[in-house]
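With the sequences and hints as input, model every part of the structure.
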Amino acid sequence: MAAEAKSPDRLYQEFTKGIWKENPIFVQVLGMCPMLAVTNTAINALAMGAATAFVLIGSSFLVSLLRKFVPKEVRISTYIVIIATFVTAADFLLQATVPDIHRELGAFISLIVVNCLILGRQEAFASRNSVGYAVVDAIGMGIGFALALFMLGSAREILGFGSFFGHPLFGPNYEPWVVMILPPGGFLMLGMILLVMNWFQQRKSRSRETMEKAA
Amino acid sequence: MVDLVWIFFGAALVNNFTLSYFLGLCPFFGVSSRLDVAVRLGLASTFVMLIASTGAWFLNSYVLVSAPYLRLISFIVVIASTVQFVEMVVKKASPALFQALGIFLPLITTNCAILGVALFQTNRGYGLAEGLVFAFGAGVGFTLALSLMAGMREEVELSDIPSVVRGTALNLLIAGVLSLAFMGFAGLFSNL
Chain W
2 MAAEAKSPDR
12 LYQEFTKGIW
22 KENPIFVQVL
32 GMCPMLAVTN
42 TAINALAMGA
52 ATAFVLIGSS
62 FLVSLLRKFV
72 PKEVRISTYI
82 VIIATFVTAA
92 DFLLQATVPD
102 IHRELGAFIS
112 LIVVNCLILG
122 RQEAFASRNS
132 VGYAVVDAIG
142 MGIGFALALF
152 MLGSAREILG
162 FGSFFGHPLF
172 GPNYEPWVVM
182 ILPPGGFLML
192 GMILLVMNWF
202 QQRKSRSRET
212 MEKAA
Chain Y
44 MVDLVWIFFG
54 AALVNNFTLS
64 YFLGLCPFFG
74 VSSRLDVAVR
84 LGLASTFVML
94 IASTGAWFLN
104 SYVLVSAPYL
114 RLISFIVVIA
124 STVQFVEMVV
134 KKASPALFQA
144 LGIFLPLITT
154 NCAILGVALF
164 QTNRGYGLAE
174 GLVFAFGAGV
184 GFTLALSLMA
194 GMREEVELSD
204 IPSVVRGTAL
214 NLLIAGVLSL
224 AFMGFAGLFS
234 NL
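Protein chains in written order, with this note's numbering: chain W, 2 to 216; chain Y, 44 to 235.
Bear in mind the hints are in silico, worked out from the structure with no lab data behind them.
No incorrect hints appear here.
To give an idea of the chain W side of the interface with chain Y (calculated C-beta under 8 Å), a few residues:
#1 Val30
#2 Cys34
#3 Ser78
#4 Ile81
#5 Thr86
#6 Ala108
#7 Ser111
#8 Cys117
#9 Phe188
#10 Leu189
#11 Leu191
#12 Asn199
Ideal placement from N, C-alpha and C gives every residue a C-beta, glycine not left out.
Have a look at this one:
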């Protein structure tokens, strides 16, 4: 297996697709549950993104390694047990290193287990590709997920608290937009981001059409 | 007794699992395009929640006392087997519903609301009765949110909406407004 040819082009593609073209949150809209709940500040969002990426990379590696030995009938249960193992590790790791953030994220760390993004990647990619591709794909998806989380978290913190990573930005006269850090703000903010992305997408395809017509 | 009533309303309305904890969003956006299917998925999830809650209580009290680090793995195994069981029952009892739910029936396993019930119940130290009431409330809240969403989406299907907004973006904005409305229930507790 080790001798399997790996074209650098394909590796690069698998890596970058997760960050933008197939971004797990903005394009595939997967793994929403943890992302909306913990993205009221940038630092929480970053911790959650890192933990999820860690679990994703670890389980993709293991699933891809074991893909020849796992019978098809029990594959989902096997994946879940593998994922749960890594989540438990991530949970203890965060508890030991950053106890404050761990307390704030609470049960949502454990809930990474049921993040559809992770199970989805195992089923759709890691179980069908060799270890190298699986890990690169997981790193790309993990970064894309963390990036989206961070974007959402920063936007909500800046609008809702008037601060960024806990540093006040606007001075004392800023009236915080409180709804942004409350649950509805999560839905509204993500909805708005998707709106803007749709708008860009449509504009791009429209300008391509006109260019084709002109040519 | 009064406590149990509050646990129920707390889980169903004030801290609605879907709209204020963001749990169970995948089916919330995935299966909410038709009202009847949404209601049935909600009921199936409620049933799994009740079983999972009982299972979690049993595991916590008798099995996991000496090995708390196995909590997550054992919970998920209980949930996965319950879902398998529900899937078999639904397939036998109502093939039409089985078709309509499609991939989302096995995906109840990865519905965070169900694992969420088991975990929150453990973190808050609920006993068997409290846990069951909590799970039932969560299930009712989930079903309520899902059917409200489905009802609105059925209306939206027929209205004239700019193409930029169609799809997930609009669903998210609807969910945001619903979530705002549910925040009004927070007043239920402060008055007493």
